[in-house]
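K.L.:
Listed below are the residues making up each chain.
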Amino acid sequence: MAALDFIKTLTIAASGLRAQAGRMRIISENIANADSTPQRPGADPYRRKIPTFRSELDRTLDTQLVELGKVQTDSSAFRIKYEPGHPSADSNGNVKYPNVNALIEMTDMREAQRSYEANINVIGATRRMIQRTIDILKA
Amino acid sequence: MAIADIPILSMLRARLDWSQARQRVLAENVANSDTPRFHAHDLAPLTFEESPLAASGGLTPVSLTRTESGHIEGVGLSQSPFRNGSSRTFEVRPTGNAVNLEEEMMKVAANQMDFQTATALYTRSLALIKTALGKR
Numbered sequence: 006m007a008a009l010d011f012i013k014t015l016t017i018a019a020s021g022l023r024a025q026a027g028r029m030r031i032i033s034e035n036i037a038n039a040d041s042t043p044q045r046p047g048a049d050p051y052r053r054k055i056p057t058f059r060s061e062l063d064r065t066l067d068t069q070l071v072e073l074g075k076v077q078t079d080s081s082a083f084r085i086k087y088e089p090g091h092p093s094a095d096s097n098g099n100v101k102y103p104n105v106n107a108l109i110e111m112t113d114m115r116e117a118q119r120s121y122e123a124n125i126n127v128i129g130a131t132r133r134m135i136q137r138t139i140d141i142l143k144a
Numbered sequence: 005m006a007i008a009d010i011p012i013l014s015m016l017r018a019r020l021d022w023s024q025a026r027q028r029v030l031a032e033n034v035a036n037s038d039t040p041r042f043h044a045h046d047l048a049p050l051t052f053e054e055s056p057l058a059a060s061g062g063l064t065p066v067s068l069t070r071t072e073s074g075h076i077e078g079v080g081l082s083q084s085p086f087r088n089g090s091s092r093t094f095e096v097r098p099t100g101n102a103v104n105l106e107e108e109m110m111k112v113a114a115n116q117m118d119f120q121t122a123t124a125l126y127t128r129s130l131a132l133i134k135t136a137l138g139k140r
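Protein chains in written order, with the numbering used here: chain U, 6 to 144; chain D, 5 to 140.
None of these hints come from the bench; they were simulated from the model. In this text the structure is predicted, and so the values were computed from the model without any measurement. Ideal placement from N, C-alpha and C gives every residue a C-beta, glycine not left out. Wrong hints could be hidden among the right ones.
[Claimed, not checked] Derived SDA-like pairs (lysine to any residue); straight-line CA-CA distance at most 25 Å:
(1) Lys86/U - Ile55/U
(2) Lys143/U - Thr99/D
(3) Lys111/D - Arg23/U
(4) Lys101/U - Asp113/U
(5) Lys143/U - Leu132/D
(6) Lys111/D - Tyr87/U
(7) Lys143/U - Ala136/D
(8) Lys111/D - Leu9/U
(9) Lys54/U - Asp67/U
(10) Lys143/U - Ala131/D
(11) Lys143/U - Val96/D
(12) Lys111/D - Ile55/U
(13) Lys75/U - Leu132/D
(14) Lys111/D - Lys101/U
(15) Lys75/U - Val96/D
(16) Lys143/U - Gln120/D
[Claimed, not checked] What follows is a set of in silico ranges between Cβ atoms, one per label pair, in the way DEER data are often shown:
(17) Ser81/U - Met117/D: 38 to 48 Å
(18) Ser33/U - Lys134/D: 53 to 63 Å
(19) Glu116/U - Ala113/D: 19 to 29 Å
(20) Ala114/D - Glu61/U: 27 to 37 Å
(21) Ala37/U - Ala8/D: 15 to 25 Å
(22) Thr135/D - Arg115/U: 51 to 61 Å
(23) Asp63/U - Thr135/D: 38 to 48 Å
Using the sequences and the accompanying hints, generate a full structural model.
P.N.:
Structure representation (structure tokens):
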């Protein structure tokens with residue numbers, strides 16, 4: 006009953022950590038592939054991925070957990086550079102580069118980091134509260 | 005008379021239960037700080053005048069009964085005896101998310117301090133009883 010509340014708190018915070026870590030993974034994927042050119046001439050290069058979040062009901066604990074939803078793709082236009090000598094250039098000499106903006110990814114990364122730390126803080130605070138409860142026994 | 009029936013201890017226990025329930029609500033807010041269309045929740049402040057658990061000191065929410073030993077014990081919905089209060093946030097992000105992380109962290113810290121105060125008072129109250137019993 007009520008004693009389960011701290012466990013629920015920790016589970017919720019852990020689900021937040023997992024979701025933010027997954028978001029970080031997708032961001033790193035985007036940054037790593039910022040210059041991945043197409044495989045064949047005229048084909049599309051790497052398309053930027055966007056992480057989504059959704060809440061999910063954990064039936065055993067009756068709590069709303071957060072988890073990483075379906076990974077969406079960014080539909081914005083690719084960067085096009087004129088490089089006639091490039092192996093992936095189309096007939097006009099244009100090469101499509103991924104629609105990844107390093108600045109946006111960095112900002113996103115900071116945000117993920119901030120949310121991650123917030124969840125860590127919740128876990129720390131809850132841990133100290135549990136410790137206080139145990140301290141009653143020691144008195 | 006059980007030790008939990010002593011008024012001060014039962015009140016402190018209600019306070020601890022409330023802090024614990026609030027910590028869960030706050031954790032939900034923080035974890036969902038990037039979920040679209042999520043609004044922050046909070047518990048209504050604990051008052052002893054109208055609280056049903058303060059008078060008796062016992063928490064008896066409605067719960068599911070296990071009828072077969074092989075079944076998993078169910079957790080009833082809305083089992084928390086505490087009222088849900090609304091949390092007013094002053095900004096809603098374009099995704100429809102209305103969680104202010106700074107505000108939530110302040111609440112977590114305040115909740116932790118409340119909890120520590122209550123546990124310290126609980127320890128003191130127990131010491132009081134020990135004094136009355138006489139030192140061994």
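K.L.:
Out of the numbered hints, which ones does the structure contradict?
P.N.:
2, 6, 9, 11, 12, 13, 14 and 21
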